[in-house]
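Novice: Chains as they are written, first to last, in my numbering: chain U, 1 to 113; chain B, 1 to 112.
For the record, the hints were derived by calculation from the structure and aren't laboratory data. Small disclaimer: the values here were computed from a predicted structure and weren't measured. Please note: incorrect hints may appear among the correct ones.
With a cut-off of at most 30 Å between alpha-carbon atoms, the simulated DSS-like pairs for lysine-lysine come out as follows [as the list claims (entries may be wrong)]:
hint, chain 1, residue 1, chain 2, residue 2
1, B, K57, B, K41
2, U, K70, B, K67
3, B, K56, U, K71
4, B, K40, B, K57
5, B, K57, B, K3
6, B, K41, U, K95
7, B, K99, U, K9
8, U, K14, B, K41
9, U, K71, B, K41
10, B, K3, B, K41
11, B, K40, B, K68
12, B, K57, B, K37
13, B, K67, B, K3
14, B, K56, U, K95
15, U, K57, B, K3
16, B, K68, B, K37
17, B, K99, U, K71
Partial chain B-side listing against chain U, Cβ under 8 Å, derived [stated by the list, open to error]:
hint, residue
18, A42
19, K99
20, Q104
21, G105
Quick reminder that beta carbons are idealized off the backbone N, C-alpha and C, glycines included.
Chain by chain, the residues run as shown.
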Amino acid sequence: NAGVTQTPKFRVLKTGQSMTLLCAQDMNHEYMYWYRQDPGMGLRLIHYSVGEGTTAKGEVPDGYNVSRLKKQNFLLGLESAAPSQTSVYFCASKKARTTDEQFFGPGTRLTVL
Amino acid sequence: EDKVVQSPLSLVVHEGDTVTLNCSYEVTNFRSLLWYKQEKKAPTFLFMLTSSGIEKKSGRLSSILDKKELFSILNITATQTGDSAIYLCAVEGPWGAQKLVFGQGTRLTINP
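Chain B on its own, in the form it takes in the complex (with noise of 0.2 Å):
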């Protein structure tokens, strides 16, 4: 059965401090894995990654995936009050039309 799991569940930090969240995953015929960030309402796209080694980037946050120990992390650097939210791992897989399955999200909380 296709997997993603999410570690840890929750994290709390103090602003300033640096994070990494896990994603690992066991999915037949991986095409795509994705990172959403929910706040209080709908998860906004951060990075889609497709190739092992190669760096998405987008101000403090980052993304690397290995294809070959099935997992991804998301870095966080220099966390804001404003980062605090839940962060989703999806995988596609190239089943149908491109269906996503998620982990369990890590709730991530910076307190100032």
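Isolated chain U, as found in the complex (with noise of 0.2 Å):
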């Protein structure tokens, strides 16, 4: 098993420039789940999905946009990114509503000049 997998690594962007994160994750977990991780803030929840077709905002929803097509991915848009989008982007998923431990992915760090 491969987890919870994050593409790309590291990315650098212009003002207004827009892209996409993915992520994916092999096993089989319902819930997904976007953070944004910002130095002495800790984890910010942006986005989640409770499943497949299904997306809900968290606390800093705000110049982004997620979908979740299929279980095993979920997506994150900047459709026009800003310099206060800096920041390491961390997905992580859980196996369902009575299980706690929400497994993370390796973080993507995105810079916006």
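Both chains come to you apart, so use the hints to assemble them.
Specialist: Right, here's the structure in full:
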């Protein structure tokens, strides 16, 4: 099992450009999450999904969109990148409602110039 | 507003020392508290606590929860340089998909 994987690992964008981050999990987990991590602020939830075809807003959703067309994939999109979106992005997944541990991917470091 | 606060934010000790990391929370309808260790990349799960006063232990690491005073501690005894990491505390409430609210993290550095 590869667990949770993320692509790309690093990316540099110019202000106004768009991009999509891909998260994939091979554990047949129902729940998937996107977080961003900034220095001194821990992890903050951007969007999440409780199953294929569903998405919901987290704590800091502005400027991001997501899609979960397949159960194993969760995409995070930035339509018009801003310097404030410079961060490390983590994807996580969880098996089901009755389990608590979230498994994290290795992260994507994004810099917006 | 739901909130998780960790202290200290940064800690530097010598190998062999014992450290205690703190996590306090204000969460409506608390469900569980989780500790993660983050080295260079992805956070990895350490403990999940749901009941007060029951210590969870794994090798030199242990953790306990106090639901009355709304805090948890993570103890590491006989620290080693490999314990150097950011330790994250997160709390889960009954919101929707069991979302986690994270604290800021404690950066622990163990010097040889």
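Novice: Look at each hint and say if it fits the structure.
Specialist: Do the hints match the structure? See the list:
no.	hint	verdict
1	B:K57 x B:K41	24 Å, holds
2	U:K70 x B:K67	39 Å, violated
3	B:K56 x U:K71	33 Å, violated
4	B:K40 x B:K57	24 Å, holds
5	B:K57 x B:K3	26 Å, holds
6	B:K41 x U:K95	21 Å, holds
7	B:K99 x U:K9	25 Å, holds
8	U:K14 x B:K41	25 Å, holds
9	U:K71 x B:K41	24 Å, holds
10	B:K3 x B:K41	24 Å, holds
11	B:K40 x B:K68	34 Å, violated
12	B:K57 x B:K37	15 Å, holds
13	B:K67 x B:K3	15 Å, holds
14	B:K56 x U:K95	22 Å, holds
15	U:K57 x B:K3	18 Å, holds
16	B:K68 x B:K37	25 Å, holds
17	B:K99 x U:K71	18 Å, holds
18	A42	4 Å, holds
19	K99	6 Å, holds
20	Q104	5 Å, holds
21	G105	5 Å, holds
Consistency note: the structure conflicts with the earlier hints numbered 2, 3 and 11.
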